[in-house]
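S.K.: Let the hints inform the model, and build the full structure from the sequences given.
2 protein chains.
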Amino acid sequence: MLSYTEENYLKALLKLSFQNEDKPEAGTNEMAAYLGVKPATATDMLKKLKEKDLVTYQKYGKILLTDTGKKNAIAILRKHRLWETFLYEKLDFSWDEVHEVAEQLEHIQSAKLVDKLEEFLNFPEFDPHGDPIPKANGEIPILAKTLLSALEPGSSCKVAAVKDTSTLFLQYLQKLQITIGTKIKILEVIAFDGSLSIQIEDEEPRTVSMKFADSLFVQR
Amino acid sequence: MLSYTEENYLKALLKLSFQNEDKPEAGTNEMAAYLGVKPATATDMLKKLKEKDLVTYQKYGKILLTDTGKKNAIAILRKHRLWETFLYEKLDFSWDEVHEVAEQLEHIQSAKLVDKLEEFLNFPEFDPHGDPIPKANGEIPILAKTLLSALEPGSSCKVAAVKDTSTLFLQYLQKLQITIGTKIKILEVIAFDGSLSIQIEDEEPRTVSMKFADSLFVQR
DNA sequence: TATAAAAGTTAGACTAACCTAACAAATAAA
DNA sequence: TTTATTTGTTAGGTTAGTCTAACTTTTATA
Ligand SMILES: [Mn+2]
Ligand SMILES: [Mn+2]
Ligand SMILES: [Mn+2]
Ligand SMILES: [Mn+2]
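Those sequence lines, one after another, are chains A and B.
Using this note's numbering, the first residue of the first sequence is number 371, and each one after it goes up by one.
Using this note's numbering, the first residue of the second sequence is number 371, and each one after it goes up by one.
Derived by calculation from the structure, the hints in this document are not laboratory data.
C-beta: ideal position from N, C-alpha, C; glycine also.
Heads up, some of the hints might be wrong.
Stated by the list, open to error - Only pairs whose alpha carbons sit at most 27 angstroms apart, straight line, appear in this in silico DSSO-like list of lysine-lysine: (1) A/482 with B/533; (2) B/482 with A/486; (3) B/482 with B/505; (4) B/486 with A/460; (5) B/482 with B/422; (6) A/482 with B/545; (7) B/486 with A/482.
Claimed, not checked - Just a few of them, taken from the derived set where beta-carbon distance is under 10 angstroms, the chain B residues facing chain A: (8) 461; (9) 462; (10) 467; (11) 479; (12) 483.
M.R.: Have a look at this one:
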């Protein structure tokens, strides 16, 4: 049985391994920063996780999830994203509100609960942010997606996921009436600052920043 | 902000105050036994709760919830029973399975979640065990109910709630196809051992023990 | 009312998860 | 290849929640 805190360390490690695409390893300071604790604290926990065979790690070395560790981490991520979907779909939470509550709900221990919840939600593949929901067997659906900033002028796409999940960005998207699945056409890219003129569904054209285009994943 | 553990102490105190109908006070050992900790542990926590003005208590004295303490305890009970209802109604949990998971879910912090959940469930008044669900304002619906054992032969009633919520009893009820609302007619009471012959809905008569009749609340 | 039993408290210790301050190792820069 | 910087560890301490063992107060019983 894993403690609340141990679960958070494992999930952090998994998230970092997605982030550092090339090498799925993480460092102590990186972990600590991600979790909002001091490096000394992370070191202690890492020793404990190693003892439990959830990570491979040695003094001054990089940290990597073991198979068991990864399995556990994926299970937590699965719960997180299922709960987010529940809150969004069934309880009318907006997509910038779901994360905080899911951070708590992901630690509820009950195999039956997760599976029944998934069934209740009709086996969703993606959460409200467009992130894939791991299956019960640990598989993670993959969707080919690109950053909006990678498309050429003239091309069209559909919003697939948000890269930046900050409240500010999510609320901005909401204001623009952009959600997962929304159609976007790139009209023009301004060479000067990388900002672009886009058409959202059939609305009037508008301009968004390069930062914006770097924060949104789309499907061609 | 209350800790997980503090919340459990407050809820325990509220439950004990329902149990000891005459006097809503509790003793240290009683609390400890209820929570599955040692008396010494309870003493420590009681001091802390007193410090936070959640209970009135003094050395060797009885323990009583303050208004704030009671308000908090009711909020937790409300969450517990709403979650039980959710699990039972929406996720197909059986009524002996809901409690354990609700014990965890009741500690999720999110005012919006509770209220949205209540709305989603259509403002239920009673949980799967027939226990009243406190309203957002703290009011607790009351239903006039009697023990099955208090009825005279010949009378009819409807099952209102279970007094004993043990798995064994709940599963026995399930086997007898008795649930909240089920109609029961008392045919005969055996003077020898207090057992009684009853008719469940329109089924064949059957005999149940006095212990059984003392564990079931009904409505005349 | 004296004594035995029950109820409750205190002291001291442990573990998990955190911290700060001082140190050590690894890496990057000069 | 030294030196400086970054990265990570260790030592020692704190708090919440738990325990055991010894003690004290209250209550019940003879
Ligand atoms: Mn999230
Ligand atoms: Mn998400
Ligand atoms: Mn319950
Ligand atoms: Mn209940």
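S.K.: Which constraints among the numbered hints does this structure fail? Numbers only, ascending.
M.R.: When the structure is compared with the hints, none of them turns out to be violated.
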